[in-house]
Amino acid sequence: MALRVPLTHVRGKTLLGSPAVRKASQHQVLRISAADEAQVQKVKELEDLEHLQLDFWRGPGQPGSPIDVRVPFPSIQAVKAFLEAHGLGYTIMIEDVQSLLDEEQEQMFAFQARSRSTDTFNYATYHTLEEIYGFMDLLVAEHPQLVSKLQIGNTYEGRPIYVLKFSTGGNNRPAIWIDTGIHSREWVTQASGVWFAKKITQDYGQDLTLTAILDSMDIFLEIVTNPDGFAFTHSKNRMWRKTRSLTPGSSCVGVDPNRNWDAGFGMPGASSNPCTDTYRGKFANSEVEVKSIVDFVKSHGNIKAFVSIHSYSQLLLYPYGYKAEPAPNRDELDQLAKSAVTALASLYGTKFKYGSIIKTIYQASGSTIDWTYSQGIKYSFTFELRDTGRYGFLLPASQIVPTAQETWLALRTIMEYTLNHPY
Amino acid sequence: MQRREAGSRTGLGARRRVAAGKSCSLGEGVSIAPLVPCQRSRGWTSPAPRRGGAAASRHRAGKLGPGRSGSGAGRRGPGAGSSAGRARPGRTRAPGSGPPRGRRGVARRGLISSSAGAAHLEPVRRTPRPPASMPPRLQPPPASGTGRPRAAVLPLALLLSLALQGVAAAPAGAGEPEDSLRRQDPELPRGLLEQAARAALHFVNFRAGSPSTLRVLADVLEGRARVNPKKECQVDLVFTTDRYNPEEGEERLGKCSARVFFRNQKPRPAINVTCTRLIEKNKRQQEDYLLYKHMKQLKTPLDVVSIPDSHGHIDPSLRPIWDLAFLGGSYVMWEKTTQFLHYYMAQLSSVNQWKTNDDAIDFDYTVLLHEFSTQEIKNKALVPLKFPSFCPLILTVHS
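Quick mapping for you: the protein sequence lines, in order, are chains A and B. Counting with the UniProt record's numbering, you get residues 1 to 423 for the letters of the first sequence. Counting with the UniProt record's numbering, you get residues 1 to 399 for the letters of the second sequence.
No lab work stands behind these hints: they were computed from the structure. These numbers come from a predicted model, not from an experiment. Note that CB positions come from ideal geometry on N, CA and C, so glycine has one too. Incorrect hints may appear among the rest.
Unchecked claim - The calculated DSBU-like cross-link candidates involving lysine-lysine, where the alpha carbons are at most 35 Å apart (straight line), are: (1) A:K282 - B:K266; (2) B:K378 - A:K323; (3) B:K231 - B:K266; (4) A:K351 - B:K378; (5) A:K351 - B:K336; (6) A:K323 - B:K283; (7) B:K378 - A:K291; (8) B:K296 - A:K323; (9) B:K293 - A:K323; (10) A:K351 - B:K283; (11) A:K298 - A:K165; (12) B:K283 - A:K338; (13) A:K236 - B:K255; (14) A:K351 - B:K281; (15) A:K351 - B:K255; (16) B:K296 - A:K351; (17) A:K236 - B:K296; (18) A:K351 - A:K291; (19) A:K323 - B:K230; (20) B:K378 - A:K236; (21) A:K236 - B:K281; (22) B:K296 - A:K338.
Claimed, not checked - Which bits of chain A does chain B cover? Going by a derived footprint, with three or more residues having C-beta under 8 Å, they are: (23) 238 to 250; (24) 272 to 283; (25) 394 to 407.
With the hints as extra help, turn the sequences into a complete structure.
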């Protein structure tokens, strides 16, 4: 079987496992120049000689355009003799294909942080956008019955925005939404999101609570909610928070995606100055990253709990942020928050405070859960994960897994409650 | 170490030396000059606010200058910590008289004196509210009897033990106690008690001048806040602290009481604070010395881009730099804190270590401060921090 492995393809691919690569030692790649139609015909004759096992990387076409062919060792003599006999010029492009392939394989696997499965993926370190997107594909491939990947839009800079859907069937089941990384510098949140994704696949069928949840509900998980910002924190500015959209009339970049929602937009609690970190944007939902979620939530129509995850400060917050008036089911939210932080603390003793946004931290307008709550999603929460300021955004990677583990307990509490209180 | 007066406080190259008097050079071998408080006043009191002096208000008598604690009109009883003076007959007012002698862990009820002898401090309310609805969380303790201590001088009280009598501690629950307090006065900023605690701690940290006894806030136990018509805000509170750099398995809870006075929207809150000692003085000096030695061994120039790195990692060899930066940064953070704005140190974005002629370590660095509630990351250059002087030398310069 001719193995067509053009170099360019090998470079970019995310393989799920190692493909069978035939040993290519001492194969050569020749570039043949066919000057006229007659010569092109001759090369086509070569193509027909199957016993030669030629692998045309670039087949015969117009006269003048190069023809590239990989020639296995046993056939090299014969092919060269044929070409010379018919006056066909050729050059040796690649002397020994195998070593090149080896190098490529190595590079590619290195490039993937060497995870060929989600079991070898390193959850205790911070990853790049490419690595996280690669992880998602791995997870979907490993659990096709449970996990699928949806694209809900593209970022300002054109990156795809992905959401993982965990579902055991049904049709538009009541659902729980979790997002991480809406503020790109809050790295422990994206890292926790990756861990949650894996955890769900591990626990389904093992953990009674999660199994019960997934048997009746779906879970949507958006791990990198602000991909442009996240890429920017890796490439240029680790402390970047906002999106990367350009604001006409300003040299400053970016909108705070947690001030851009249509809830109290324009009221105190956000900035109208494009150069600040809490800039709300020119209008609500101006940011495609936000609009994509808005559209998704509206068209889904059956989301029952919405959790948006940030860091740091160790808080669990519920609406409202833009006004002091208590939410209609404030007592219920308060009770649920209390249970959730109690569950969280049970693992490592990490203490969280809880309350409404406006009373616990400060007035904030245009925030995510104020909008989702206004859409009737009664159980809308925002987390602020570890820590309380010692490391802040630069939380040591060693704390990723403990943070994710304890936060998961709180999430599970909220999800279970939602399951048991349908509305 | 001579005392050099500052030029403009915020001008380029301006230096502020808080040290005074005594030589702070390293002794021979391991013995180190004893820690001395570097200002004449005992306890820790912030310098008088530069702008406009302390405003008089009907809630305070007299200025809140150095070494003075405000006391309310008609109220007997000291500000936070000042009553500890009563328990220290040995104190004199002479400067440089050396470290406090004889730690008598006295002043039990005096120490946490935000409520000692003080009338029940009520938040100022525009509309009167029946007190019955609020369970009194601070019982005025039995009258101390000796009346108001001299307001001026507070001892540098580092007590070993502390017993609170007659003072109810509010449960440090999931953020609820302050909640109920604030519910009754919507004008007070959210998290005001924590705000005050943080400001007090920045102050404590840089005044102590030791990278080995840096503290962070653990819990606010109790507190009271009052706002005057000028929207200036006085907070009396008691809180617990953790060591910034806890050792493995160690849990050291310190306790502080403080009076913090925020001027309306203006930074540099005036602070009166007293804390229990976190570690033995000798141990602290040893640890400081180890840190100093460690830093001396670092190669100059330092090849460091940022501390921590993007992954939150600080190389153990560079940890002392971070601690010293936190010490210096504490000054800046105190300087910038208002009742609405507070800071955490996010990262050191540049560090330059200079060779020195004497034994001191000299380096300058730029800290990134994360500002709440604006979320801005502010860039502050600090030039330079000399160590060890044991007299806090915080040199704050340009932004």
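Going through the hints against the structure:
Of the pairs offered as hints, the one joining K282 (chain A) and K266 (chain B) holds, with about 31 Å between alpha carbons and a cut-off of 35 Å not exceeded. Simply put, K378 (chain B) and K323 (chain A) have alpha-carbon atoms about 28 Å apart, close enough for the 35 Å limit, and the pair holds. A threshold of 35 Å between alpha carbons decides the hint, and for K231 (chain B) with K266 (chain B) the separation of about 11 Å falls inside it, so the pair holds. Straight-line distance between C-alpha atoms of K351 (chain A) and K378 (chain B) comes to about 28 Å, which keeps the hinted pair within the 35 Å bound.
Our distance criterion of 35 Å between C-alpha atoms is met by K351 (chain A) and K336 (chain B), whose separation comes to about 28 Å. As the CA atoms of K323 (chain A) and K283 (chain B) are separated by approximately 50 Å, the hinted pair breaks the 35 Å bound. Proximity of K378 (chain B) to K291 (chain A) is assessed by CA-CA distance (about 30 Å); at most 35 Å being required, the pair is judged to hold. A hinted pair counts as satisfied when its Cα atoms are at most 35 Å apart, and K296 (chain B) with K323 (chain A) does not qualify at roughly 54 Å.
Simply put, K293 (chain B) and K323 (chain A) have alpha-carbon atoms about 54 Å apart, too far for the 35 Å limit, and the pair is violated. A threshold of 35 Å between alpha carbons decides the hint, and for K351 (chain A) with K283 (chain B) the separation of about 30 Å falls inside it, so the pair holds. Between K298 (chain A) and K165 (chain A) the CA atoms are separated by roughly 16 Å; this keeps the pair inside 35 Å, and the hint holds. This hinted pair does not check out: K283 (chain B) and K338 (chain A) have alpha carbons roughly 41 Å apart, beyond 35 Å.
A threshold of 35 Å between alpha carbons decides the hint, and for K236 (chain A) with K255 (chain B) the separation of about 42 Å lies outside it, so the pair is violated. For the proposed pair K351 (chain A) and K281 (chain B), the alpha carbon gap of about 31 Å is at most 35 Å, so the pair holds. Proximity of K351 (chain A) to K255 (chain B) is assessed by CA-CA distance (about 19 Å); at most 35 Å being required, the pair is judged to hold. This hinted pair does not check out: K296 (chain B) and K351 (chain A) have alpha carbons roughly 38 Å apart, beyond 35 Å.
Under the criterion of a C-alpha separation no larger than 35 Å, the hint pairing K236 (chain A) with K296 (chain B) is consistent with the structure, at around 32 Å. A threshold of 35 Å between alpha carbons decides the hint, and for K351 (chain A) with K291 (chain A) the separation of about 34 Å falls inside it, so the pair holds. Restraint check for K323 (chain A) and K230 (chain B): the C-alpha separation of about 25 Å stays at or below 35 Å, so the hint holds. Note on K378 (chain B) and K236 (chain A): the hinted pairing holds, with a Cα-Cα distance of about 17 Å set against a maximum of 35 Å.
In summary, the hint linking K236 (chain A) to K281 (chain B) is not supported, as the alpha carbons are separated by about 44 Å, beyond the 35 Å threshold. About 49 Å separates the Cα atoms of K296 (chain B) and K338 (chain A), which puts this hinted pair outside 35 Å; it is violated. Only residues whose beta carbon comes within less than 8 Å of a beta carbon in chain B count, and the region 238 to 250 of chain A has 3; three or more means the coverage holds. Counting residues of the region 272 to 283 of chain A whose CB lies closer than 8 Å to any CB of chain B gives 3, so the stated coverage by that chain holds, three being the minimum.
For the region 394 to 407 of chain A, the proposed coverage by chain B is satisfied: 5 residues have a C-beta within less than 8 Å of a C-beta in that chain, meeting the threshold of three.
When the structure is compared with the earlier hints, violations turn up for hints 6, 8, 9, 12, 13, 16, 21, 22 and for no others.
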